[in-house]
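Residue numbering for the sequence shown follows this note's numbering, beginning at 20 and increasing consecutively.
Incorrect hints may appear among the rest.
Stated by the list, open to error - Derived CB-CB ranges, DEER-like: (1) A115 with A160: 22 to 28 Å; (2) A192 with K95: 19 to 25 Å; (3) E211 with A113: 31 to 37 Å; (4) K229 with K97: 22 to 28 Å; (5) S153 with A105: 36 to 42 Å.
Calculated directly from the structure, the hints in this document are not laboratory data. Backbone N, C-alpha and C define an ideal beta-carbon position, used for all residues, glycine too.
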Amino acid sequence: MSRSPKSRILVSAFVVVGCGRLLAQHEQGGHKPDHAAPAAALPNCPVTGDEPINLAVRHSTPDGPVFFCCKNCVPKYKADTAKYAAKVGEQRKALAGRSMVQVSCAVCRKTVDPKIGMDQGGVTVLFSSAECMSQYQADPAKYASALADAFTYQTKCPISGDTIDPKSFTATASGGKIYFCCQPCEKKLIAEPSKYLANLAAQGYTLDPKELVKAPSGEQPEPDHDDHH
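Could you build all of it, start to finish, from the sequences and the hints given here?
Put into structure tokens, the structure is as follows:
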């Protein structure tokens, strides 16, 4: 018996989530360094086939994000997604085991509260409020696409090297986000980007200093659906 579209999306979402090693939830929002083994080399871009992906360049799909080597590859992929489907599947397998942190709620897209979560399929899914968790429990498939897009592979603060806190971030000009262990670290990055951007590149996120902008105080921009995360 074939699955409904919603069921297929839900399964795909958990495949994406399951591919990454989620940091222990009690470490999120704390200042404990992540002592995981070094991440494996990044897979190549599904469009060019010979350039490593930049995790800062992404496009959201119902089955989870797709990453590219540069922003010019995004429209090429969108023009013929079927052409690159096999390569995208290979990309997700290649990213298996890479550490991830959930940063946004699948229901409201706001920052998650590490104290509010539920176990589903061996994965702890976090939410911004108990109300959001109740809505998710009522219809998980409805939020599967948002769940697949709720994580970042940037697990360490580029300043301190400690585990990121989803509430501490700065926005990029293209609508993406850079996370920190605490908000004071944001000022250090803005003041001396050349000193710290290499620490992001080491995690697979290559950014131009010109992309850095300050996010409105106390607000998290809505998740971008075409570029960065």
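Quick one: are K229 and K97 within 22 to 28 Å, going by C-beta?
holds (25 Å)
Cβ-Cβ distance between A115 and A160: within 22 to 28 Å?
holds (23 Å)
Is 36 to 42 Å right for how far apart the beta carbons of S153 and A105 are?
holds (39 Å)
Determine whether the Cβ-Cβ distance between A192 and K95 falls within the hinted range of 19 to 25 Å.
holds (22 Å)
Verdict for E211, A113 (Cβ pair) under range 31 to 37 Å:
Holds, at about 33 Å.
Hint violations for this structure: none, all hints satisfied.
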